[in-house]
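Asker: Here's the letter readout for the chains.
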Amino acid sequence: MIRFDAVGKRFLSGFQALDDVSFELVAGEMVFLTGHSGAGKSTLLKLIALMDRPTRGNILIDSQPVQRFTARDVPAYRRTLGLVFQDHRLLFDRSVFDNVALPLIVAGLPHAQIEKQVQATLLRVGIADKARASPITLSGGEQQRVGIARAVVTKPAILLADEPTGNLDPDLSEEIMRLFLDFQQSGTTVLVASHDLRLVRKLEKRVLVLDHGKLIDDFRPEVHRSTKVQHG
Amino acid sequence: MAKKNRSRTVENRGAAPPGNLPLEIPVHVLASPLRAWLRSHGYSLFSSIGRLWRQPFTQLLTFGVLALALALPTMGHLALKNMRYLSAAAAQPGDVSLFLRPEIAQPSAAALQSRIQTDPLVKQVILKTPEEALAEFKQLTSFTDALNALDANPLPFVLVVELSRESLQSGRAMALVEALRANPEVEIAQFDQEWLFRLKALLALAERAIWVFGGLLALTVLLVIGNTIRLELAARADEIQIMKLVGADNAFVRRPFLYSGFWFGAIAALLAILLVAGAVWLLTPAVSGLARSYGSEFRLLGLSLVESAFVFICGTVLGWFGALIAASAHMSAPENPQ
Chain A
1 MIRFDAVGKR FLSGFQALDD VSFELVAGEM VFLTGHSGAG KSTLLKLIAL
51 MDRPTRGNIL IDSQPVQRFT ARDVPAYRRT LGLVFQDHRL LFDRSVFDNV
101 ALPLIVAGLP HAQIEKQVQA TLLRVGIADK ARASPITLSG GEQQRVGIAR
151 AVVTKPAILL ADEPTGNLDP DLSEEIMRLF LDFQQSGTTV LVASHDLRLV
201 RKLEKRVLVL DHGKLIDDFR PEVHRSTKVQ HG
Chain B
1 MAKKNRSRTV ENRGAAPPGN LPLEIPVHVL ASPLRAWLRS HGYSLFSSIG
51 RLWRQPFTQL LTFGVLALAL ALPTMGHLAL KNMRYLSAAA AQPGDVSLFL
101 RPEIAQPSAA ALQSRIQTDP LVKQVILKTP EEALAEFKQL TSFTDALNAL
151 DANPLPFVLV VELSRESLQS GRAMALVEAL RANPEVEIAQ FDQEWLFRLK
201 ALLALAERAI WVFGGLLALT VLLVIGNTIR LELAARADEI QIMKLVGADN
251 AFVRRPFLYS GFWFGAIAAL LAILLVAGAV WLLTPAVSGL ARSYGSEFRL
301 LGLSLVESAF VFICGTVLGW FGALIAASAH MSAPENPQ
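Protein chains in written order, with our numbering: chain A, 1 to 232; chain B, 1 to 338.
It should be emphasised that the hints constitute simulated quantities derived from the structure, not laboratory data.
Be a bit skeptical, because a hint or two may be false.
Claimed, not checked - Restricting the straight-line Cα-Cα distance to at most 20 Å, the calculated cross-link-like pairs of lysine to any residue (SDA-like) are:
# : chain 1 : residue 1 : chain 2 : residue 2
1 : A       : Lys116    : B       : Arg35
2 : A       : Lys116    : B       : Ser32
3 : A       : Lys46     : B       : Asp238
With the hints as extra help, turn the sequences into a complete structure.
Answerer: Written out as structure tokens, the structure is:
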């Protein structure tokens, strides 16, 4: 589903954010991306979302090289992704409902269908009662649920999240992560960047570890369990 | 719940460009392109009205500037239109009054009359006797007592030469007047229209000045709206970025701003039309009074429906275009500067 072939990203400043990164995610997989801050987690996600372009190597999404997409293709491509951010990126001048409806409005869906889909999504992330509230009145955890609802309202095949629990306390963080697990179980390919190693280990999913732009570990718990080797 | 969706692939990718995208856009976010486009317009239309509606007073100054910029050349045009109308009304009788020498008597005057009458540029010649002239003079002025005090009629014979329409239009009128003036019987040849020819030249100049002035003020409207939209784009940069991240294309992001520009132009144009109508309404009694003192029934001409429509269309097109310039400049900036 997502494949990196020797991908490198060097910024104009000369900073090498990613260096020779190769990995593959199969459809329906849930993978964590960890590493110290500045290790290149965000850059990697941005390359997938075409918010930035690699300077070396190939990125293939469903076997198609993304560098072939022109600026005109990007909007349609983004509609196939769901993006979640650490700072939620909500619009505070409109209600929770309108925030979640945004991708559907962009897609030009009829109002009745938007209504139905947004309500269903809000129910699924557990904030159905907040539809008419302003996001500013919600707690951090609730705001992130709105962000997640907006990302999944189009039922994308790939869900990308950049430090979705960065500002949340451990209990809330786990609730949010369980939400991602739930979406994986519905068939979505999920890639979550997080530096919360304790939580990442607890969820026992595959983990990619970045260090100074290099991929230094690709840890699969099921393999380790079967060979009785404990990691870290 | 999303498991089966990707197998339900659809040939038509909705509003998406038909490129070779790796992932199918999920079926439930596919809308037919035309309907999606129409809905997007509806959304932009209402969101831009809503935005204006929620903060009408913050934009009051902008509307004032725009309305004035549109009203000023419109008023100039209106002033010109009224002058044209007046000059056309005054030009109707293209008369040359030939005041004959006092010693010229009835037979010579009549002879001159028939001689002038033969000129093809002359429509007709009317002979006025001194008695007729005196009677007319008494009617028109309040000098009746003074005139009665005279023991003899001081007025000479007058030939009123009506010039043909061709002579007035072909510009040969002035040469004809000179020829008439050269007659030895004529003491004074008075051509009322001489000033009109000069006025016409002046009005032509004024018209050009108004177009130049109007052009500059149109540019002002364009810049003011462009700048207003630019500020709005900057204030909503986060929203624009979020829109793009959820898959909005440039046209979708730009559309509400184009509608905003349209509304700015449209409302300013309506205000300008009201301003002009108000000015006409205020001036009409004074102008009518002045005209009556000259014995004229003239009433100030206001904006016609066509002229109002022209102002409105200019306003909306300028507003839309100003917004387009600002939005296009914003869109071409790099999306992800960090």
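Asker: A separate judgement is required for each hint: does it hold in the structure or not?
Answerer: Structure-based check of all given hints:
no., hint, verdict
1, A:Lys116 to B:Arg35, "holds, 19 Å"
2, A:Lys116 to B:Ser32, "holds, 19 Å"
3, A:Lys46 to B:Asp238, "holds, 17 Å"
In this structure, every one of the numbered hints holds.
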